[in-house]
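Chain residues, written in single-letter form:
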Amino acid sequence: MAASRVQVPAEVRRGDSVEVKISIRHPMESGFRVDDSGRRIARNTIREFTCRYNGKPVFVARLGSGIAANPYLRFFLTAAESGQLSFEWVDEAGERGDALASLTVVG
Amino acid sequence: MRVAAVLLACWAASAVAQTRAIPATDLRSGLSFGSAELRAMQADDFANPGMLWVERGEKLWQTPAGTAGRTCASCHVDPATSMKGVAARYPALDAKAGRVIDLEGRINACRTSRQQAPSLAAESEDLLALTAFIAYHSRGLPLSVAIGEGARTTFEQGRDLYYVRHGQMNLSCADCHERTGGAAYSPRRSAKAIPMPTRRIASNGRLSARWGAEYGHACSAFAPRCCPTMIRGSPRSSSS
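Chains as they are written, first to last, in my numbering: chain A, 19 to 125; chain B, 301 to 540.
Think of the hints as simulated: they come from the structure by calculation, not from any bench.
Quick caveat: nothing in here was measured; it's all calculated off a predicted structure.
Glycine included, each C-beta is placed from N, C-alpha and C at the ideal position.
Please note that the accuracy of each hint is not assured.
Selected chain A positions facing chain B (Cβ under 7 Å, derived; list incomplete) [to be verified]:
# : residue
1 : Q25
2 : S35
3 : K39
4 : R43
5 : Y71
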């Protein structure tokens, strides 16, 4: 399953701001919904999302029940070195997901 | 399944010029009532969560299923050409089965007969993904449902159902989507269009039904389940 989609520019200049977009497939169950037979669906949202740039955390988000299913995050980083962006998230059921993207810095 | 096909056939009304109640130029997608932000998200292929299913569908397309060991690509090769306009033609008559089936029904027929694989459950992630992937190749194409000899009875049954009043509020499909299309009945506004443009991204960010061609299709699971709730009728089972 495509658990996520990541978009970063193919090439950026050193010092420029880089727009990072990620869309994660997750039901983000709020705990308030019920199924067809009226039983409550257990709450399960993404607890924490971290983006690391060459191993160093650069963006951390804590998502709660107020965020819709399939969260879409968009944030900016400052391009320093070519390297890898790694994304990691964990939900309340303890399930982890991850994604990778590489960033090429020129100039 | 048969009733699902019947209900689906109700929107096929637009394909027949003489029964068109709203002029084609006056049809309005439910999406056009959405906020500018929602429309922007819908138009942006990255932000649109439906694309997660399209990507999953693409993987499934290339994954062998069943004892025949075939993938969808084994027979249909390049979806960009073989699937172009396909979703816009459904529901359609399945000559072999002798009844009208929807796109999901066609996928399952392919699975059971060609791939020797079990059918996918209605509204299951995999079936939604494959349907979204196939419908993706019909993006922007107008619906062109053929109501030939074999599909005529099903179409007429669907049309009759469409004009019958149901539920405590005594409303027919046509009351909201034709006679007063565009008016607010609840916090939502009803689409002035048949086919009813299913909201492709539900308000909670879930992919609720078929993510279809330019005007999404009223999915077999959406119309019989959601609309009866709004008019306070009993949901129609898709198996009865």
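Hints breached by this structure: Hint check: 2, 5 fail, others pass.
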